[in-house]
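Enquirer: Protein sequences, first through last, are from chains P and U.
Residues in the first sequence are numbered from 1 upward in steps of one, following this note's numbering.
Residues in the second sequence are numbered from 1 upward in steps of one, following this note's numbering.
None of these hints come from the bench; they were simulated from the model.
All of these numbers come straight from a predicted model, not from anything done at the bench.
Do not rely on the hints blindly, as some may be mistaken.
Stated by the list, open to error - DSS-like cross-link-like pairs, simulated, lysine-lysine; straight-line CA separation at most 25 angstroms:
no. : chain 1 : residue 1 : chain 2 : residue 2
1   : P       : K5        : U       : K40
2   : P       : K40       : P       : K26
3   : P       : K96       : U       : K60
Each chain, letter by letter, is given below.
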Amino acid sequence: MVIQKINISEIENILKSIDEKSIQIKVLQESLDRVNDNIKLNEKDFKIGKISMEVYKDIKANLEKETNPLEIEINKIKDEIKIFLANLSEVMNKNKI
Amino acid sequence: MGFMVNTEQIQGYTKKIYQNALDVKIFQEELEDMLSSIDKNNIEFNNGKISKEIFEINNKRFREESLGLINKINELLGGNLSYIKLILDNLTYKKKKAKVKRHSQKNKIRAIVRQLSNKKKGKVKHGNTKNKHKRNRKHIKKHR
Chain P
1 MVIQKINISE IENILKSIDE KSIQIKVLQE SLDRVNDNIK LNEKDFKIGK ISMEVYKDIK
61 ANLEKETNPL EIEINKIKDE IKIFLANLSE VMNKNKI
Chain U
1 MGFMVNTEQI QGYTKKIYQN ALDVKIFQEE LEDMLSSIDK NNIEFNNGKI SKEIFEINNK
61 RFREESLGLI NKINELLGGN LSYIKLILDN LTYKKKKAKV KRHSQKNKIR AIVRQLSNKK
121 KGKVKHGNTK NKHKRNRKHI KKHR
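Same shape as in the complex, but just chain U:
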């Protein structure tokens, strides 16, 4: 049986994307107002309607608020991109990776040392078939 797509989950994500998009629009409108305020503040200062001190205070505040709004907008859009990715993940079947036992470097070294010490002791399992045959022949003679 094929893998099942969780359609309820997809619809849940689309709702969240829509809500975020509405919020983005609201923040974009606020940002537009804020940018207009920056322009207006500049004009007023250039026309001598406000002092340098007030201009700087306003300018700092408007810029900080604009930055905050830009961050909020980008955060919401980033959230939407994550929801899009989640929907994509829901549509695509991913095979679970099989757990592969990896021998650590330590184990490998231990195995080599064991092999070498066995060779020294003459406990070599493989090879040396000549002796094995001799032993077999002796065994057969004994039982005859």
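Same shape as in the complex, but just chain P:
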């Protein structure tokens, strides 16, 4: 008697994609962390009078411009991972007896 077996290579490919995507998220999160640190540093510099209000606002605006695309990219990758996970769930449910 022959039963339909789990497709390991299919699962392997899906898991590989998830791992790759999670590495991408990690890199982007690290960049986002750096930008957020700079935002804090800028605020600190302004508070202790190291930089003028004008310079502070200028730097702040530039840094905030950097955070948005990073957050968008991270969310995009998260959605991609969710699709992979849906496919993986399908494979698991298909093999239940």
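Keeping the supplied structure of chain P fixed, place chain U upon it in accordance with the hints.
Expert: Frame of chain P, contents of chain U only:
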């Protein structure tokens, strides 16, 4: 700052999913062998190669073992579905529910009873502004 995704945790779960999938494949192969044994046992009995007693003993054993394998397979697949859910949870930010103080029914009743008894005693805080004004006027006259 946005919430952070724990990527190490995700990779840990993918490893576990892969390992479970490999185990599922092994158990599926064993199950296939077991189902073949059931078929073979049937054929041998039908051909008169084995007695009814042996057929029944074999049949019972093969079926029990098959059931055990099916349970193991489903358990592993269920485990994988749980890991998938955990990865999903890791990706989605969930707001912590604020603790809301709920007044128990007992407290509500106590509050109503207190209100009613205050009314009876005339200790009503709200309303009855007429008396309040009278009292104020008396107070002013006294000090004049």
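Enquirer: So which hints don't hold here, by number, going up?
Expert: none
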